[in-house]
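Asker: First to last, the protein sequences are chains A and B. Sequence positions in the first sequence follow my numbering and run 1 to 471. Sequence positions in the second sequence follow my numbering and run 1001 to 1113.
Derived from the structure by calculation, the hints contain no laboratory data. A virtual CB, placed ideally from N, CA and C, is assigned to each residue, including glycine. All clues stand as given, with none of them false.
Facing chain A, according to a computed beta carbon distance under 7 Å, are these residues of chain B, among others:
| id | residue |
| --- | --- |
| 1 | K1019 |
| 2 | S1056 |
| 3 | G1060 |
Simulated DEER-style distance windows between Cβ atoms:
| id | chain 1 | residue 1 | chain 2 | residue 2 | range |
| --- | --- | --- | --- | --- | --- |
| 4 | A | L244 | B | D1031 | 32 to 40 Å |
| 5 | A | I238 | B | S1005 | 37 to 45 Å |
| 6 | A | A297 | B | G1049 | 25 to 33 Å |
| 7 | A | A297 | B | N1071 | 16 to 24 Å |
| 8 | B | F1111 | A | T433 | 48 to 56 Å |
| 9 | A | D78 | B | S1039 | 49 to 57 Å |
| 10 | B | D1073 | A | D106 | 34 to 42 Å |
| 11 | A | S180 | B | M1090 | 52 to 60 Å |
| 12 | B | M1090 | A | T433 | 27 to 35 Å |
| 13 | A | P248 | B | V1028 | 34 to 42 Å |
| 14 | B | A1027 | A | A307 | 22 to 30 Å |
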Amino acid sequence: MKATFVQEIDRALASLRKFQESLEKGSQEGGGRAQVLEIAGQLPKVEQLLAQILQGLSFQTEFDLLRDTALLLARAVDEDQVLSAILEGLKNAIPYEAAGIFLIRDDPERGGAVIRAQKILGYPKELLAYDKFRQKVDEGILGWVIRNARAELVDNVLEDPRYIMARPETRSEIAAPIISKGVVIGCINLEADRVGAFRPDSLRLLENLASYAAVALDRAQIHRELIQAREFERELEIARQIQLNLLPRGAPRFEGYDIAGLNVPSLAIGGDYYDFIRIGSEDLGLVVADVAGKGVAAGLVMSGLRAALRARVETIYAIKKVLADINQFLCESTGADRFVTAAYGVLHGPSGRFTYVNAGHNPSFLLHPNGQEEWLKTGGPLLGVMTEARFEQGFVDLPHGCILVMYTDGIVEAGGDVAEEYGGERMARLVRTLRGESARAIARAIEREAVAFNGGRGELDDRTVIVVKRS
Amino acid sequence: MKLKSERHGSVVVIELKGKIMGGPDSAVFRDELKSHLDSGVKRVIVDLGKVDWMNSSGLGILIGGLTTVKNSDGEMKLARVTEKIKSLLMITKLVQVFESYDSVEDAIASFAG
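Produce the complete structure using the sequences and hints provided.
Answerer: Okay, here's the thing in structure tokens:
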């Protein structure tokens, strides 16, 4: 509206000037010359007045635009809406034929940063297509504005060596950098079909609008990061659920034995694993393992380990062969610094024979009914590091009234990073005092004592315990 | 974890300090090793005398380091292995994998000849 009004005044001034010229010519032929000259004499004053109104109008337009944009920014609307409003609003204050907001993006294909159209008006639509317009930041007038962090006005682009054509009709151009937290992130650019269409005092307005655009873009970025973080949390929760489902729901019923297992991860997703695997009707596989590291990566290794173990246990009975296979599988499927330590054994129910392999893991603890302590160390190295690792099988006969404890280093190393660690000896002493308790109570007591020993001083690792009592 | 490197002829001694618990330390140690290997130094001694604590994830750093060095046809040995790390190496049976020496001098001397 206001732009049209300004154009109308411009037109009126032009016709007045023409009228003045014709009057000056005509007046030499006589009649009312003095009167005409008097009117003509007032024309500069009219012109001056109109110029003042014009300036006031443009000031009012600028003010309105800044205020409207600020109000829009204050209401939490999306970035696209704000950028559109800025470009639309600018049309009233600084008439243009094409306008765009361009952002710097990293583009490995072009070997560095490029300028990409984020929002455009009046340009050919292809400008938004990724393949069509990827101007490098050291090219063009926009590149100059971005590199120098300075607004620029070009009266005739055809005479400017920096100019790269985006639309053939363009003759003049005005651009300002978009600066966020002291760093240029892009620019705002207006183009007109007429030579000298833009006024120098529009530079400041464009800079102001560019700073509004920066706020809108910043906020959109923060919003996106927030959404991503929420999405990540959701995925983490799903991963945690999957992992929880991989652990046994409860202890197995195994005739003649009281069995319990527990796992307390230190983060949402832990690297510890334990399992009870039924093999036929008389045997039960027992495993406690620790995947180095935590989080999703460790969880993935853990689920791979579980699948590999369960698949092999059912077909290969020789425990050392099972471990050798899993070692091979882990060597092939994980990086050098990711490994697993595991204690795996098969308990034959009727005889009480426990056949086991300790693969670089903390030795399982066996407390005999006569008070004798035994640490089950036979086995081989940790899994997933040495391809040619060999494993030995150990045998032990679990007597009636014994307690077997399998656990991870999170138990015995509790507190160790700041002072003395909880240690196997303390755990063994505790188990001695709990002989009359259920397997479940013993497992819980061990975990609780380890945590209490740490006393909040150190970083707790995942803690896993299996307790087997033979009645 | 803190880390300091010192050259002794064709050997580089990397001194690790503090707690070694995996995580970001892993990349720091690997980058340090790579920079030495890239500049042609293939004999590495890791001095563990000032390591306060190491857990199984920290052990992963040493294993990863050994693999990195071996893949570049280099050699990595340990010096001044503390009791805690010794027991970790015993439990995991990695004693077979890491050559270790009581002093940095002995470790350097082992490369000669």
